[in-house]
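Student: Top line first, the protein sequences correspond to chains S and R. Throughout the first sequence, residue numbering follows my numbering, covering 1 to 114 in sequence. Throughout the second sequence, residue numbering follows my numbering, covering 1 to 115 in sequence.
One or more hints might be untrue.
No farther apart than 30 angstroms at their CA atoms in a straight line, the calculated lysine-lysine pairs in the DSS-like style are these [unchecked claim]:
hint, chain 1, residue 1, chain 2, residue 2
1, R, K68, S, K57
2, R, K56, R, K71
3, S, K13, R, K42
4, R, K107, S, K57
Hints are computed from structural coordinates only; laboratory data are not their basis.
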Amino acid sequence: KAGVTQTPRYLIKTRGQQVTLSCSPISGHRSVSWYQQTPGQGLQFLFEYFSETQRNKGNFPGRFSGRQFSNSRSEMNVSTLELGDSALYLCASSFLGQGADTQYFGPGTRLTVL
Amino acid sequence: GESVGLHLPTLSVQEGDNSIINCAYSNSASDYFIWYKQESGKGPQFIIDIRSNMDKRQGQRVTVLLNKTVKHLSLQIAATQPGDSAVYFCAENLNYGGSQGNLIFGKGTKLSVKP
Chain S
1 KAGVTQTPRY
11 LIKTRGQQVT
21 LSCSPISGHR
31 SVSWYQQTPG
41 QGLQFLFEYF
51 SETQRNKGNF
61 PGRFSGRQFS
71 NSRSEMNVST
81 LELGDSALYL
91 CASSFLGQGA
101 DTQYFGPGTR
111 LTVL
Chain R
1 GESVGLHLPT
11 LSVQEGDNSI
21 INCAYSNSAS
31 DYFIWYKQES
41 GKGPQFIIDI
51 RSNMDKRQGQ
61 RVTVLLNKTV
71 KHLSLQIAAT
81 QPGDSAVYFC
91 AENLNYGGSQ
101 GNLIFGKGTK
111 LSVKP
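This is chain S alone, in the form it adopts within the complex:
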């Protein structure tokens, strides 16, 4: 079974631009979560989607948004990029996203904001 895939793997943007990242979960998984990883703050939860609905949201500004499609694929968007948005963005999928469901991570998208 193919793992979680994320595209693109690397992105370079400038301040003020917007960016869209894509995540394809493991086949059959319906829950997709997004995390931001930086050296200073570590891994921080952004949001989680299940059946095209956002179920949980972390403590990030409204510039960070996401969506999930009917095939469970998910995208996240960051508008008006700031230098501090430079990070590794990780997507994780699980079957139902409940209880002891294991979350499996993709390789991440490395975003650099200049």
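Once you've looked at the hints, dock chain R against the given chain S.
Tutor: Chain R in isolation, oriented as in the chain S frame:
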């Protein structure tokens, strides 16, 4: 490779020795805990998990211990190998009965295995 964390606590062990990585979690209401391994340039990889109604769980070469009294988790790796070199994260889930999407991660420990 990409740096997954600067100024991380580092554990250096000799190949073949046992490793113990510790983690203090934040919320006494957390009821599900996971250990992940992250190698340079890759996403976190699931190692082992444990529910709050257990205090020990064993996998292949790994054991997780949970002490709820002091909110402490540990990961023991037996016969550590060079391929175990990575950053190890513990994560807690605050809402076991509901949505598990929100995992709270620790800062991570870098394990370095000397051949």
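Student: Does each hint hold? Answer for all of them.
Tutor: Hints, one by one, checked against the model:
no.: 1; hint: R/K68 / S/K57; verdict: 27 angstroms, holds
no.: 2; hint: R/K56 / R/K71; verdict: 14 angstroms, holds
no.: 3; hint: S/K13 / R/K42; verdict: 22 angstroms, holds
no.: 4; hint: R/K107 / S/K57; verdict: 20 angstroms, holds
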